[in-house]
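Assemble the complex: chain A is given as a structure, and chains L, B and E with the ligands must be docked to it using the hints.
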Amino acid sequence: MISDDHPAIIEFVKISKVYPPDILALVDISFKINKGEMVFLTGPSGAGKTTMIKLICNIDKPTKGFIDIAGNDLSKIKPAAMQALRQKIGVAYQDFRLLPRLTVFQNIAMALEVKFMDGKTIRSRIHEVLNVLNMTNKIYKRTDKLSRGEQQRVAIARAAAARPILLLADEPTGNLDSQAGTDVMALFSQLNEEGTTVVIATHDKSIYRDSHCRIFHLDGGELDITGQEPEDREQGTET
Amino acid sequence: MISDDHPAIIEFVKISKVYPPDILALVDISFKINKGEMVFLTGPSGAGKTTMIKLICNIDKPTKGFIDIAGNDLSKIKPAAMQALRQKIGVAYQDFRLLPRLTVFQNIAMALEVKFMDGKTIRSRIHEVLNVLNMTNKIYKRTDKLSRGEQQRVAIARAAAARPILLLADEPTGNLDSQAGTDVMALFSQLNEEGTTVVIATHDKSIYRDSHCRIFHLDGGELDITGQEPEDREQGTET
Amino acid sequence: MRYLFFILTQTGRNFRQTWGAQLMTLLTVTLSVLFFSFFYLIYNNVLQGAARLGDELRLIVFLDQEVVPELRPALEKKIREFSEVEKIIFISPTEAFTRLGEQLGNDRDVLDDLDGSFLPYSIEIYLKKDFKNLAGIKDFSEYLTTLPGAMKVQYGHGWVERFGYFVNLSRIIVLLSGALLTLTATFMVSYTIRLTLVARQDELEIFRLLGATNAFIKGPVLIEGFLQGVFGSTMGMTALYFCFLWIQNHFNGPGFLNLFEFSFLPFTEAALIFVCSICLCTVGSLFSIRKFVRI
Amino acid sequence: MRYLFFILTQTGRNFRQTWGAQLMTLLTVTLSVLFFSFFYLIYNNVLQGAARLGDELRLIVFLDQEVVPELRPALEKKIREFSEVEKIIFISPTEAFTRLGEQLGNDRDVLDDLDGSFLPYSIEIYLKKDFKNLAGIKDFSEYLTTLPGAMKVQYGHGWVERFGYFVNLSRIIVLLSGALLTLTATFMVSYTIRLTLVARQDELEIFRLLGATNAFIKGPVLIEGFLQGVFGSTMGMTALYFCFLWIQNHFNGPGFLNLFEFSFLPFTEAALIFVCSICLCTVGSLFSIRKFVRI
Ligand SMILES: Nc1ncnc2c1ncn2[C@@H]1O[C@H](COP(=O)(O)OP(=O)(O)OP(=O)(O)O)[C@@H](O)[C@H]1O
Ligand SMILES: Nc1ncnc2c1ncn2[C@@H]1O[C@H](COP(=O)(O)OP(=O)(O)OP(=O)(O)O)[C@@H](O)[C@H]1O
Ligand SMILES: [Mg+2]
Ligand SMILES: [Mg+2]
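These protein sequence lines map, in sequence, to chains A, L, B and E.
Numbering (this note's numbering) for the first sequence: 1 to 239.
Numbering (this note's numbering) for the second sequence: 1 to 239.
Numbering (this note's numbering) for the third sequence: 1 to 295.
Numbering (this note's numbering) for the fourth sequence: 1 to 295.
So that you can see chain A by itself, here it is in the shape it has in the complex (with noise of 0.2 Å):
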């Protein structure tokens, strides 16, 4: 799927996005974001940060333009292919879309069981990531029981389970106090230095102040990217 001439991870080329009737979310973006590269999409409510990691997963179409996800042009892929990719991207939803009725570990382990993977990684894989955002205490809580922050986690813990390759998290800390936010940003880390691509979409200053990253600036639906396209990340992608 990623072959060594796609650098590549994401590209948008010329996208637009126009909800009927006439509200304009995404006007003629264009851009690359590749392989191991951290970004962070900013913007006003209603810019359209949502909508672009909406396009990026293929749970929307583009009105106009050409979307091509780790060597997939998205208008043309089969359901069989996106159904691996799919496997392979982490999305954290600013909605987070668990299922209530289910506890934190069967809500992580689904991400994980629809790869086949055997029990006992999946246990592993989840107690590591729910270790990371403190959170190995509610494991077997069904998730409607949780407060909202906790619930958050457990959608950011979801995506990163199956290391992807590509992570989308959509304001990841808006319910997070400070703390829990810092653990959120060192779990992405550890991630994206381990390979993954990760795109976050927030408002909270506060994580993206400091960091090197490029910043993707979103406003009525308008993009303005900051920031320096790293040139050193490519060597670290994972297959």
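Read the hints as simulated data drawn from the structure, not as lab findings.
Zero decoy hints are in this set.
No more than 30 Å apart at the CA atoms, straight line, and that leaves these computed lysine-lysine pairs for DSSO-like:
{"hint": "1", "chain 1": "A", "residue 1": "K78", "chain 2": "E", "residue 2": "K218"}
{"hint": "2", "chain 1": "A", "residue 1": "K145", "chain 2": "L", "residue 2": "K64"}
{"hint": "3", "chain 1": "A", "residue 1": "K141", "chain 2": "L", "residue 2": "K61"}
{"hint": "4", "chain 1": "L", "residue 1": "K61", "chain 2": "B", "residue 2": "K218"}
{"hint": "5", "chain 1": "A", "residue 1": "K205", "chain 2": "L", "residue 2": "K205"}
{"hint": "6", "chain 1": "A", "residue 1": "K54", "chain 2": "L", "residue 2": "K145"}
{"hint": "7", "chain 1": "L", "residue 1": "K120", "chain 2": "B", "residue 2": "K218"}
{"hint": "8", "chain 1": "L", "residue 1": "K61", "chain 2": "A", "residue 2": "K145"}
{"hint": "9", "chain 1": "B", "residue 1": "K218", "chain 2": "L", "residue 2": "K76"}
{"hint": "10", "chain 1": "L", "residue 1": "K145", "chain 2": "A", "residue 2": "K205"}
{"hint": "11", "chain 1": "E", "residue 1": "K218", "chain 2": "A", "residue 2": "K88"}
{"hint": "12", "chain 1": "B", "residue 1": "K218", "chain 2": "L", "residue 2": "K54"}
{"hint": "13", "chain 1": "A", "residue 1": "K141", "chain 2": "L", "residue 2": "K14"}
{"hint": "14", "chain 1": "L", "residue 1": "K88", "chain 2": "B", "residue 2": "K218"}
{"hint": "15", "chain 1": "A", "residue 1": "K76", "chain 2": "L", "residue 2": "K145"}
{"hint": "16", "chain 1": "L", "residue 1": "K205", "chain 2": "A", "residue 2": "K145"}
{"hint": "17", "chain 1": "L", "residue 1": "K14", "chain 2": "L", "residue 2": "K88"}
{"hint": "18", "chain 1": "A", "residue 1": "K145", "chain 2": "L", "residue 2": "K145"}
{"hint": "19", "chain 1": "L", "residue 1": "K141", "chain 2": "A", "residue 2": "K61"}
{"hint": "20", "chain 1": "B", "residue 1": "K218", "chain 2": "L", "residue 2": "K141"}
{"hint": "21", "chain 1": "A", "residue 1": "K88", "chain 2": "L", "residue 2": "K145"}
{"hint": "22", "chain 1": "L", "residue 1": "K64", "chain 2": "A", "residue 2": "K141"}
{"hint": "23", "chain 1": "A", "residue 1": "K145", "chain 2": "L", "residue 2": "K76"}
{"hint": "24", "chain 1": "L", "residue 1": "K14", "chain 2": "A", "residue 2": "K145"}
{"hint": "25", "chain 1": "L", "residue 1": "K145", "chain 2": "A", "residue 2": "K78"}
{"hint": "26", "chain 1": "L", "residue 1": "K88", "chain 2": "A", "residue 2": "K145"}
{"hint": "27", "chain 1": "A", "residue 1": "K141", "chain 2": "E", "residue 2": "K218"}
{"hint": "28", "chain 1": "A", "residue 1": "K115", "chain 2": "E", "residue 2": "K218"}
{"hint": "29", "chain 1": "E", "residue 1": "K218", "chain 2": "A", "residue 2": "K76"}
{"hint": "30", "chain 1": "L", "residue 1": "K32", "chain 2": "A", "residue 2": "K145"}
{"hint": "31", "chain 1": "A", "residue 1": "K54", "chain 2": "E", "residue 2": "K218"}
{"hint": "32", "chain 1": "L", "residue 1": "K141", "chain 2": "A", "residue 2": "K64"}
{"hint": "33", "chain 1": "L", "residue 1": "K115", "chain 2": "B", "residue 2": "K218"}
{"hint": "34", "chain 1": "B", "residue 1": "K218", "chain 2": "L", "residue 2": "K78"}
{"hint": "35", "chain 1": "A", "residue 1": "K61", "chain 2": "L", "residue 2": "K145"}
{"hint": "36", "chain 1": "L", "residue 1": "K145", "chain 2": "A", "residue 2": "K32"}
{"hint": "37", "chain 1": "A", "residue 1": "K14", "chain 2": "L", "residue 2": "K141"}
{"hint": "38", "chain 1": "L", "residue 1": "K54", "chain 2": "A", "residue 2": "K141"}
Using the frame of chain A, we list chains L, B and E with the ligands on its own:
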């Protein structure tokens, strides 16, 4: 309901809340919040902020202790009185609790319709509050077609539109950028000046750092209050 | 009154927003009413048909001597004592002879040289229409043999049994199907209403949190249930009427079913079904909302 | 194989988590199978009963002269030409006279001084069991009057009509109810399955977003549908059997229904209903999941 010999609108006496089997969400908490006060409720994720708000609006019962809201003992309140009381309390829930298939207008109108307000007042109130929150352009959109931050503002607007005597906001800025957050705080301040008691649960230091209000800090279910109880506010009450 | 206005607005909005589920409930109510009233219709007609055909159920007691007119009232009393008797006719040998001739039809010339005197006196007893009780008829016929002068008792044994069998079979089918269906109908209606309400649970919960009064929450649900009942039973009844017309047209060929007039439900009974299903829907919706509106 | 293990784990979890809805579906399937097979059973028995009673449906052609044995084949051919004939019996006046005596029973002494020579020759024609066609019998009897030497054609007019009427009524009830019920059953099963899936829509959506393969999503649903079918139809059939026993015990009193043996469905037909309902459930669940698993 609110007589002059009850300066406190919220009074907790030795409240404990235990979720089965053994989660101590609140431990032996006592405090008073006076009419017209604005109070911030902080604490890490899972500290018990939402639990406290649930107890205030009688969605959940305390395991031990006595709660008095605007002169009503919640352990003995009758259904009709509870309904009347709820009409005077506005709550912006952490998970919004909007109806996805209704428009912004319809969602907010529900809070006013239950008080049998006439259509004209409803319309003007809704426009007024959406105006402050910069959301008038979304007024006839279904709430499931909104961005998460927009939904959050709708939830806040619904809580504020009925001009409650008590407003509870749970993490009101979690999905908002700094500008929208400022708008929301402006709305709260405005209501507070008109006499509404406001309780805001939040992690966002930036919104309470510079205020002169009392800060209730919860951690592991234990309460720690900083700041002065304002004595000069009491004349600002509304009937 | 503003209250009413809100309730109606609410109801209208609910119908618009959940029209899929509403349609499902409506269909369920319609089908249930159709089923129930269909079986009731059939049952009714079977009973009527049985009553009409029952005219011919008679027993004949052959006597060894003439009953003088003075003795008749006493005999009649004895007969009526035992069972529900419709009519009693005393028949002389001459009358019996005429009948035999009629029975032989074209072959009556057999009897040309005879008079009826060799035939016995007899009493014909017509019973009230009660087909259930074939065993009773047997007992009755045995009782009749004990009458003074009774020689032999005859009744259309085979015919009555066969006919009774069919009436009974119809009755079993109708009753059993009716019971099964009423059961299912109740189950379906309550299930559908519950599901509709589960789908609206969020809404009801939010209303509760906003401090809506019970009347505000229950009003629309009540009106909805009522309307479901009205439209559902109207449609069900209409469908039944078309079923009825179809049966009538299809099986009422000349000379075949004219023996038996297939008739629609009487007005009062149709009205009763109508009113009952409306009540059921209203009460059902009210009942199923109960667990959602607490505190 | 790990794949199978996951599918089975999934299925088990689904059953545990949605057991309410599962039970509802099961009940629905059970009731549907019960309804369908109940009506099929009744229908079957009505047909059988009709066949048995149909033995007595015969026409008699009275002739003005004897049919010499040589002519019989020609006449038989003519009769068989028109209709489905079971049996043809030629009856001489002597035979007819014996029968008349039997019919008169105890009163046969009327005929003591006579021989049968005044009675006509006749042909008795037994028809194949076909009660639908009473109009056809009339046509046939008219046709028979045109036979050479035919004087008059007689058949159990009243009896046949009444009997035919009841058979027909039963048939209408059974067919119409069966049709209505099969319709409802289909509707109920698909509706319940759809609702169960709507309740699980979130889960299916999340699986989709996590990149689950089609097999991973469809496998458990398929197994579920299959099991629903197996248990539902087993329970439905068992319930039917108890209904059958109840009817048999309740209405099979001595001398009343012995004319007619109420029998259960033949094995092949029961098996067919069984297999069909399993297939329907499996395919139904597969079909209704289709719209949830896209991309
Ligand atoms: N399904 C939809 N139908 C119509 N409009 C939509 C839909 N989803 C989003 N929008 C609109 O598109 C714009 C961008 O939405 P998006 O969710 O991408 O914002 P966002 O940057 O994620 O905001 P937030 O920070 O509040 O989550 C908003 O104006 C929103 O109202
Ligand atoms: N319904 C419930 N059943 C069991 N435990 C619960 C329930 N609701 C909350 N808890 C637990 O009680 C504790 C306090 O939860 P609460 O929701 O009050 O936290 P919070 O301060 O609002 O956190 P956050 O900032 O994450 O929203 C948490 O540990 C949580 O897991
Ligand atoms: Mg968003
Ligand atoms: Mg909370």
